[in-house]
Every structure is written in structure tokens, then in C-alpha cells.
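Chains as they are written, first to last, in our numbering: chain A, 6 to 283; chain B, 5 to 267.
Hints in this document: simulated from the structure, not taken from any laboratory. Since the model is a prediction, treat every value here as computed from it, not as a measurement. Among the clues, some could well be false.
[As the list claims (entries may be wrong)] If you only want the chain B side, here are some residues facing chain A, beta carbon under 7 Å, derived:
#, residue
1, 32
2, 80
3, 91
4, 108
5, 133
6, 239
[What the hints assert, rightly or not] Derived DEER-like restraints, expressed as beta-carbon distance ranges:
#, chain 1, residue 1, chain 2, residue 2, range
7, A, 173, B, 222, 49 to 55 Å
8, A, 194, B, 20, 53 to 59 Å
9, B, 35, A, 113, 40 to 46 Å
10, A, 113, B, 67, 29 to 35 Å
11, B, 231, A, 277, 52 to 58 Å
12, A, 173, B, 229, 34 to 40 Å
13, A, 253, B, 20, 36 to 42 Å
14, A, 278, B, 238, 36 to 42 Å
15, A, 265, B, 171, 19 to 25 Å
16, A, 271, B, 81, 23 to 29 Å
17, A, 31, B, 81, 39 to 45 Å
For glycine and all other residues, C-beta sits at the position ideal for the given N, C-alpha and C.
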Amino acid sequence: MADAIGADAIGAAGPVAAPTPHRESGWRRVLRTLLPFIVVAGIWEAVSHSGLFHPRLFPTIEAVAAQFVRLTVSGVLPYHAAGTLTRLAAGFALAAAVGIAIGIVMGRWKLAEDTLLPPVSVAAPIPGIAYAPLFLLWFGPGNASTVLLVAFVSSFPVVFNTWTGVKSVREVWLRSAVAMGAGGWRLFLKVVLPGALPFILTGLRLGLAQAWRILVGVEMLAAVPWGLGWMIFGAREFLNTDVMLAGVAVIGAIGLALEKGVFERLERLTVVRWGMMT
Amino acid sequence: MPYIEVYEVSHAYDTPSGRVAGVVGVSFGIEPSEFLCLVGPSGCGKSTLLNIIAGFLSPTSGEVRIGGRVVTGQGLDRGVVFQDFAQLFPWRTALRNVAFGLEMKGVPKNEREEIAMEQLKLVKLEKFAHAYPHHLSGGMQQRVAIARALAYNPGVLLMDEPFAALDALTRDDMQRLLSDVWRKTHKTVVYVTHNVAEAVFLADRVLVMTPHPGRVKTEIAIRLPRPRDPLSIEFLDCQKELLRHLVEPTPIGKDAPRNGGIA
Numbered sequence: 006m007a008d009a010i011g012a013d014a015i016g017a018a019g020p021v022a023a024p025t026p027h028r029e030s031g032w033r034r035v036l037r038t039l040l041p042f043i044v045v046a047g048i049w050e051a052v053s054h055s056g057l058f059h060p061r062l063f064p065t066i067e068a069v070a071a072q073f074v075r076l077t078v079s080g081v082l083p084y085h086a087a088g089t090l091t092r093l094a095a096g097f098a099l100a101a102a103v104g105i106a107i108g109i110v111m112g113r114w115k116l117a118e119d120t121l122l123p124p125v126s127v128a129a130p131i132p133g134i135a136y137a138p139l140f141l142l143w144f145g146p147g148n149a150s151t152v153l154l155v156a157f158v159s160s161f162p163v164v165f166n167t168w169t170g171v172k173s174v175r176e177v178w179l180r181s182a183v184a185m186g187a188g189g190w191r192l193f194l195k196v197v198l199p200g201a202l203p204f205i206l207t208g209l210r211l212g213l214a215q216a217w218r219i220l221v222g223v224e225m226l227a228a229v230p231w232g233l234g235w236m237i238f239g240a241r242e243f244l245n246t247d248v249m250l251a252g253v254a255v256i257g258a259i260g261l262a263l264e265k266g267v268f269e270r271l272e273r274l275t276v277v278r279w280g281m282m283t
Numbered sequence: 005m006p007y008i009e010v011y012e013v014s015h016a017y018d019t020p021s022g023r024v025a026g027v028v029g030v031s032f033g034i035e036p037s038e039f040l041c042l043v044g045p046s047g048c049g050k051s052t053l054l055n056i057i058a059g060f061l062s063p064t065s066g067e068v069r070i071g072g073r074v075v076t077g078q079g080l081d082r083g084v085v086f087q088d089f090a091q092l093f094p095w096r097t098a099l100r101n102v103a104f105g106l107e108m109k110g111v112p113k114n115e116r117e118e119i120a121m122e123q124l125k126l127v128k129l130e131k132f133a134h135a136y137p138h139h140l141s142g143g144m145q146q147r148v149a150i151a152r153a154l155a156y157n158p159g160v161l162l163m164d165e166p167f168a169a170l171d172a173l174t175r176d177d178m179q180r181l182l183s184d185v186w187r188k189t190h191k192t193v194v195y196v197t198h199n200v201a202e203a204v205f206l207a208d209r210v211l212v213m214t215p216h217p218g219r220v221k222t223e224i225a226i227r228l229p230r231p232r233d234p235l236s237i238e239f240l241d242c243q244k245e246l247l248r249h250l251v252e253p254t255p256i257g258k259d260a261p262r263n264g265g266i267a
């Protein structure tokens, strides 16, 4: 009998105009999302004003905000953020390109799968930062080792998910396509790739999160001349906890923006629209 | 001369307990524009046979010829419709699904979308041309699949229980629609089913197959005028006769493997 597909097919009598996202009133939603943050901020303020810690170690939110504005206006923060983002873009682009390619090769050729799966499986669970000293020795401190390490570490989830995606492309799609004269390169581009897309996007999303984590860590170690990780680490020398917290806030904001602005949008335009992912 | 000739086709497959004969020495012919149903219990090799005609499987021995040419693989002379609703590409609209075969043939965009639209009209889905498959019901998805298999104008339509996963009411509609489409397009159809009433409704001729190993037991011509009335006495008589052949115990040869349930 019909498998999973039947379930959502039965409900729809005709094409449903682009499903309108469930809307609770805008303000309520904003409030509901903000509430936990407001609570945490309140506790933070209470602690920082209580005198339990030295204000240099536990700055108030006002102080962090003021520092944030100062750093932004002076261009220090944008400069560091730009440096970090450039490395992220370079490392992640490399990881995506190489990771997708390796994943596809593994998914399509048994020999490649048998050869690559064991080493990939062994290397993947090792925390990325453990490789950092090795990369620093090999490629010297600076951008090259940072970008390469980010690429190396973040390529694993891309490889795994692409591989899984290619393997899980439905046999019936391939058969129909082949029956209609598709083969070789065109079969790959028009059927295998879109068929594997939900997995590939998941892999990229996980890879980006991985890249972001390892990058900030490595910036603290790799003696790169600028970057958010370096800024936070450097601020330690002067007990500038407000600078550190401003840096952490920017890291969080950029991560969230990439997730919501890039990946959710990409998914809405493709796999969600096609009903391959909800 | 028959348009499709299945000549002494056998197919064996490997299982953990050894080689098992799926289909043994099957021969029959199909005339141009004939609607042929293969009926039999599961495990009788009817789907295997269809897959061999489609070129997805190679026979262990024997051969299939279409229009005189031996089948060695898939070809644009055959359109295939599967049982699985998921056969449509979810990333393409109904129209672009139907146009896929033409795209592979290198037909320019405007022309192929025009042809695809005509095919969608044939299955009464022109209004849903720009809907994605997941917004269509199971019956609609199967209609798109039929349009898609017809769009590049193959001479043969191969259908593997396309309506088996639909509810009974939808299935009746689909059978009427397919009957109309077949009369309009004059395709040669090979249709696999285990549903006796469906076979009597659709077919010019029904081949009854028996399992373990799969053989053609008998063939029955359905001479009822179309459109057929499933409630008429004649229809029910045909159904009875077909059922009789299906349930009649067949003598099991001593060489027949007792490997029930695999197929």
C-alpha cells in the first residue's frame, strides 16, 4: 500500500495556494520569544549590581552595551567581525565544495564508499580543536592554517549527509528517469542532486555550525592578527570582560543570522516548497 | 505479427538459499494497440516480466522483441508507470514532471511545455499544471505519472499496479479515465494487476499466471463491448471465469522449488 506519501496526499483535494504560515498575532510572538531573554537579563542585572563580583569581572548590561557601541563606532568590532566572517566564508566554501564532491563520490561508487567510509568515520568524531596544533605546525600560525582547519573540520557533516542523501535517492525516481531517457551526467544533475538536496542542506547547516565553533576557537590559538575570537582572547589581558561579552554577543548574532537568513530561506525556497521537508 | 513478442523468457534470482526461478519459459505476443493484463497472485513473476519488457531486468534466457527489435535496456519506445505515488519528482511541478522525457529528448522548452499541457488535459489535470506533487492527491499523482509516461509518445505503455494503492472509489474513476486515454491514444498497454475486476474492465486479453515458478497458465480474451459495465451479467461472468482459473489448484511439478513468498 501507499507508504508515507499517502498521508499528506489524501488531505489535499487540490493544489493548495502557498500555505500561509501559521500566524499568531505579531506582537505576542515577539513577546513570547523575548521573554526568556528578559528574565535572564534581569537576573544578570541583579547579580552585577549586587556587588557580589568586581564590576570589571561581571559588568552590567549597560556597560556591555556601551562598550559594544563604542567598539562599533570606532570600527574595531566591525573590523574583527569582518576578519572572522572572511575566514568563515573561505573555510566553509572549501568544506562545502569538497564535502559535497566526496559525499557524492561515496554515494555513487561502491569502491569509494568502501575506501573512504572507515577513515572518515574515525576522523569525524574527533573534536576539531584537537587538530589545531597539528595544523599550526604544518601551515604556520595565521590565516592559512585557520581556514584549512575550518574547512577540514566542517567538511565531515557535509560528507556524511551528502553521502546519505545520494544513497537515499528513491529507486523509483531513478527508474522513471532512466525510462525517460536520462542517463549519466543529466541523470545526476536533474534527479540525484535534487533528490539528495534535503540531506545536502542539512549537512551544510551542520557544517556551518561546526565551522563557526572551530573558527572562534582557533582564532584564540592561531595568532591571527584580527578576528572575534582573537579580540575576546586578547581582552582577557586587560580584564575587559565587557569587550569579551560584546564579542560573544556578536558571535551569537552572526550565527543566528546565518541560520535564519541563509539556511531557513534556502530550505523554504527548495525542499520545503517541494514537500520533501517540513 | 505481434508488436511485442515475449519469447521463452525465464528469469532466476539469487537468494541466500540458492537460485530461485522467478519466471520460467514464458512466451506470448501482444498486438499493436492491444490492452493486455497480466494477472496472478503475488510471487507469480508478473512484475518481473514487466520489468524485463521495460528493460530494467535482463532475462536469464529468452528474449523480448518490440517492433522486431530485441530489448536490451530501457528505451523511449516504452513509457512506464509504477505503483508508488512517489514516482513523480517532488522538485518539479506537474507540468515539468510531464515534460521530463521531452527535455531528455532535447525538445525546446516552449514546445515541450505545450505538449506536456496537452497530456495533462488528457488526464484532466490542466488546472493543476503548476502544482507540486505533494499538493496533489494520490489519484492525481498517478494521473500525472500516466501523462508523463505518454508525453514523449512511446508506442508501449507499461503499468505495474498503478492504482493498487488508491481507495476503491478513486480506483474506479482512474480505470475509466485510463480506458478513455487508451482509446484516444491507441497505445499498446501491458498492465500488471492482481485485481480481477480491474483486469476484466480494462483488458482485451488477460494472461493468468501461476507462482513458483511463474508461468502463464492460461489466457482469456475479454470480448465485452466498451465502455464496460462492471455490474452487467456478462462482466460478472468474465470475472467468475477469470477467478476460477486463478484459484484452481495447479499441479506442482517435482522440480518446482517450495520457496513461497519471495518475489
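Consistency of the hints with the structure:
Annotation: residue 32/B was flagged as interfacial toward chain A, and the flag is violated, the nearest CB pair being 22 Å apart, outside 7 Å. For residue 80/B, the shortest C-beta to C-beta distance to chain A is roughly 5 Å, which falls under 7 Å, so the interface hint holds. Checking residue 91/B against chain A by beta carbon gives a least distance of about 5 Å; that is within 7 Å, so the hint holds. Nearest Cβ of chain A to the Cβ of residue 108/B: about 4 Å, under the 7 Å cut. The hint holds.
For residue 133/B, the shortest C-beta to C-beta distance to chain A is roughly 9 Å, which exceeds 7 Å, and the interface hint is violated. Violation of the interface hint for residue 239/B is found here, the shortest Cβ-Cβ separation to chain A being roughly 26 Å, above the 7 Å cut-off. With their beta carbons about 42 Å apart, residue 173/A and residue 222/B fall outside the hinted range of 49 to 55 Å. Taking 53 to 59 Å as the suggested C-beta distance range, the pair residue 194/A and residue 20/B does not conform, at roughly 38 Å.
About 41 Å separates the C-beta atoms of residue 35/B and residue 113/A, a value consistent with the hinted range of 40 to 46 Å. The given range of 29 to 35 Å is respected by residue 113/A and residue 67/B, whose C-beta atoms sit roughly 31 Å from each other. Distance hint check for residue 231/B and residue 277/A: the Cβ-Cβ separation is about 43 Å, which falls outside the suggested range of 52 to 58 Å. The supplied range of 34 to 40 Å is broken by residue 173/A and residue 229/B, whose beta-carbon atoms lie about 48 Å from each other.
Range check, residue 253/A to residue 20/B: about 58 Å between beta-carbon atoms, so the 36 to 42 Å window is missed. Our hint of 36 to 42 Å for residue 278/A and residue 238/B is violated, since their Cβ atoms are close to 50 Å apart. At roughly 41 Å, the beta-carbon separation of residue 265/A and residue 171/B lies outside the given 19 to 25 Å, and the hint is violated. Between residue 271/A and residue 81/B, the C-beta spacing of about 40 Å breaks the proposed range 23 to 29 Å.
A hinted range of 39 to 45 Å is violated for the C-beta pair residue 31/A and residue 81/B, which are about 58 Å apart.
Figure legend: structure checked against the earlier numbered hints; hints not met, in rising order: 1, 5, 6, 7, 8, 11, 12, 13, 14, 15, 16 and 17.
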